[in-house]
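Residue numbers (the working numbering), protein chains in the order written: chain B, 1 to 367; chain D, 1 to 515; chain A, 1 to 325.
Derived pair list, reagent style SDA-like, types lysine to any residue, alpha-carbon separation capped at 20 Å:
#1 D/117 with A/173
#2 B/224 with D/384
#3 D/407 with B/238
#4 D/117 with A/181
#5 D/377 with B/221
#6 B/224 with D/387
#7 D/374 with B/223
#8 A/178 with D/140
#9 D/117 with A/176
#10 B/250 with D/337
#11 A/314 with D/146
#12 D/377 with B/223
#13 A/314 with B/239
#14 A/193 with D/50
#15 A/193 with D/77
#16 D/117 with A/175
#17 A/252 with A/297
#18 A/178 with D/115
#19 D/377 with B/225
#20 D/407 with B/8
#21 A/252 with A/304
#22 A/252 with D/99
#23 D/377 with B/227
#24 B/224 with D/379
#25 A/193 with D/84
#26 A/178 with D/98
#27 D/330 with B/247
#28 A/314 with D/99
Some residues of chain B that are not near chain D, with every Cβ distance over 12 Å (derived):
#29 13
#30 99
#31 110
#32 112
#33 116
#34 127
#35 156
#36 157
#37 173
#38 201
#39 327
#40 354
Calculated from the structure, these hints are not laboratory results. Glycine included, each C-beta is placed from N, C-alpha and C at the ideal position.
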Amino acid sequence: MKASTAERWLSLFILPSLNLLTAFFFTALILLITNVNPIEAAHYMIQGAFGSQEGWGYTLYYTTNFIFTGLAVAIAFHAGLFNIGGEGQAYIGGLGVTLVALGLSPYLPALIVIPLSIIAGALFGAAWAAIPGYLQAYRDSHIVITTIMFNFIAASLMVYLLVNVFAVPGEMTPASRSFPDDIKLWQWHEFMGFFGVDFDSSPLNISLLLALLCCYGVWFLLWKTRWGYEIRTVGANPDAAIYAGINPRKIWVLAMLLGGALAGLVSVNELLGVQHRLVLGFNAGYGFAGIAVALMGRNHPIGIILAALLFGALYQGGAELAFEMPNVTRDMVIVIQGLIILFSGAMEFMYQPLVRRLLWRWVRAGA
Amino acid sequence: MSIDPNASLALELLEVSKQFGAVKANQDINLSVVSGSVHGIIGENGAGKSTLMSIIYGLYQPDKGQIRVNGQAIQLRNPQQAISLGIGMVHQHFMLVETFTALENIILGAEGGALLKTTTATARQQLEQIIARHGLAVPLDIPVAELSVGVQQRIEILKALYRNARILILDEPTGVLTPQEADELFVILRQLTAQGVTVLLITHKLREIMAITDQVSVMRQGRMVAHRKTAETTIAELAELMVGRKVRHTVEYSEVALGTERLRVKDLVVRDASGVERVKKVNFHLNAGEIVGVAGVSGNGQSELLQVLAGIISPTAGEIHYSQHMITPKTPIDAAEVRRWGVAHVPEDRHRMGLVLPFQAYESQILGYQSEPKYNKGLSQNYTAMLNTYAEQAEKFDIRPRSPYLKSASFSGGNQQKIVISREINAEPEVLLVGQPTRGVDIGAIEFIHQQLMELRARGKAILLVSVELDEIISLSDRIIVMCDGMITGEVAREEVNETLLGMLMANATGEQHG
Amino acid sequence: MNDILTFITLALDATLRVATPLILAALAGLFSERSGIVDIGLEGKMLVGAFAAGAVAYWTGSAWLGLGAAMLASMGFALLHGLACITYQGNQVVSGVAINILASGLTTILGLAWFHQGGSTPPLVGAQRFNDITLPGADALKSVPVLGDFYANVLSGHNILVYIALLLVPFCAWVLYKTRFGLRIRAVGENPKAVDTAGVSVALLRYRAVLIAGALCGIAGAYLSTAQNAQFIRDMTAGQGFMALAALIFAKWRPWPILAAALLFGFLDALAIRMQGVSLPLIGQVPVQLIESLPYILTVVLLAGFIGKAMPPKALGLPYLKEQR
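If we strip away everything but chain B, and leave its shape as in the complex, we get:
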């Protein structure tokens, strides 16, 4: 084996696996502390996530959200920005979806309203991300801080709108009125039924296809077009970008626009696909989970699909686990998520010196 191949294996496979195993090890430890048999728990989780069509349906429905927010983090990352505002961008995206779905449906047929509503979700998310992007690019304010602040501002704004604008008189829960019956996406079982295949009912809808399409789009953009070339140049070396006649400021705003649009699409899955109305906190946690997904997926669409699937399975399996074992709640999933971000993200290179040493010994012995 050549040294360069060994290095590739190290960074693509060995280290990520070790990091993930470490996260799982600590999860098991915490389960033991709370008097839960980790092996039994794992069994329930896997069974719950993949043991039935319904399980798969839920798993993939969560996966869809994670793909969107994972891509939202990744695309900004390639431009050298840390977008931790996915949470707020998804939320505001929901506003766009709802405004179009409720506002245009009396005048236009569903076949036109639905695409417009999807576009509005993306545009609103993009706009919400563009402000921190602009402030970073042209006013030197740190994107991490501004996107955090924008998450909170988005939450306040949405609460205000839900309580004062969208609220249905007489209803206790802060939610908008339902979209008209025809303003919704195909459920997966309907979609499969069209081809004569039976599939159990679940929240999974054709947003999954949209998410996969976005993965392809992001991959194509980043590695096949000159805009992607420019984004990656800015991310890797802003000085070289200026030298090459690329304006990093424009690229930063562009990357944030794209990231925000992707995060905004979470609302398509949630509102057009499942809830069929605007509800409080439909975005909860997906934005932050997107950071974990992007980190685990090494900011590459293929990796993001795999990581999103893992997180989807954790979410669904975690729900199932909470149902089967009264001692455990879905918060276990939050812990796993935290541990994964810690070990696959912040302590990414913890094992590198050790593994590299072992690997080199092995490579030398082989040569």
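Based on the hints, put chains D and A in the right spot on chain B.
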């Protein structure tokens, strides 16, 4: 500590070696430094001088070998230990906290007590004594960021003296100084040695070695190749020892007919982000078929000149004419547009600008040309064209290894530079702006790069060459303009060139302002 | 007239209560960030502290032991942050995000496992809490208009942690600007190489700063569960860690302005509660949510340089690599 008059040794290195990965930075280094002397260490960039100094200061631990201070064998694990043994260091890039005052910077790490009030009072007293004794004028209570580079350097020296340094290491101390400041520094160094301090001076400038040192040791490719008494050697001998053979005037110079004017610069002024004037009312022109060299001590406005000409920064005043195109303060410009005018640019620092280190070689090979139609096919980039271009250029410029998929970071300095230069020459520019084309490049590649520039000139192109290597400027240029403190202090035709004249112009010693 | 005075007095009193955890957490962030370590994990460390205080105070019956546990637990998380950022030179923002998420999940899970009350700890009574203290002479001075009123109704009648937080401001300012330790902390956040070459360990300094941040977040957390409230409730920090971060930035990383920023943000919060449903002359009803999000909006505006530029420590967020080659 008193000084032994019988030439006792302040510092000795025996067979010291240090390796980074596969790079042997220092191999079997032997060195003896006499107490109270100025000892020079000279060598080209990358010869291993800085690594050696870092070892002596405890920043790096040697893989093998012994260090002796005042005859005692010692093990240095960190700078703290070096400091306690009386070793002080003035780094090439100053180690100062810019928001702190000189006083705060000096006491940092040697405060003496937990409360600043008492320690600063005693420190101030001591410092005033040291200042008086050595004639080191430094304002103690002004934030360092507001002080000139020369004063900042004196603060670094004070820092070492405050820690009772008896051996003072200076790493390329004059690189950032004006000639006057450098002279002042030498006076200070002489005063220090008179009081028994030993000075170790690391530089790649021969003239400095001759001017100030008592002994000199020469390093080449990680090895110590010679020790000489300064009085018993010559610049020519040292130069030869440094490069390992007779100094180059390697390029075949041939007459090329001058063509039309390609670039004219009128009253150009450039201010940097902090408002300091870096280029001051500069005027010159450049014709097809000539190489104009820009000489000067680094940091005298050449970098800014190059960047403003390449469209990377905007001028504050004045005009730049490229044939029918023009850059003024009022016309916003970017590097892409200047490139479209047929102007190519080899930047001074390939890592900072010329390459994207994580990119594969063929990707770096189109940096700046990514929008050209030939590299694009509809929405997508044209990978066949990109790979073909790389294959062609790699063959022509002998870029090793040939693999287009290798990361730019994995190439040696010389090969990285070939990627940059081949890219810019391949664009067939009418004007080529070149900064430090051979910095950190091995000798074989230097010759090759010089030949390429001469060929381009022979094809009737115009070349502006900015370099701090006088040899390079002299052997390649048809005309040399000299910059000092942002101004052009003189222009010398190839026939009139001699090093003394250039040196005086670089120091602005003739006092004239040319323009 | 009296109505307005009462309103102001009550609002100021509430301001102090809300501002206390912000002051503590922002001071925590001050040490961490002045040493060059980004700390967006203030929220998580506060939460862990709140949980530890709630649990231990309940078990031992002592609020003080709860406080100690809070500081230790929060310092444990700070150590994790230090490990990731200093020893393994990881991304500091990522580490902070991990700590926040981990804290949220872990406190709930352990709370459920140990107390079976939906993630809360059992209610605390008597000495399990920090109770309000009446400052000497408060009753006597009550009748003196304005000043006495202010002393009795705003300054007096808080728990000990409020006073500790207020005293910590001058103390932290003193540590940062008047001691050797403070000098070194400020230096390492600006130029770690200068500190290293001066023979002082960058890693050790940063670990100490990060641990101090942990201890202060622990106090802030204990305040939430054993002083302001009488139990730990899941996710009870509810963004106060981020509000503290905003206060830190708004104060441009300086201790006294932190006090001012925290008081301002606390006042806005107190105002938001009192303005609920209140109609103002001319303006009409101000949306509560707008007042609530004002701290974030103000911070964004400040960061954008519209009201004076906030200059963060120069080396903030950059891991320090010793043998750079």
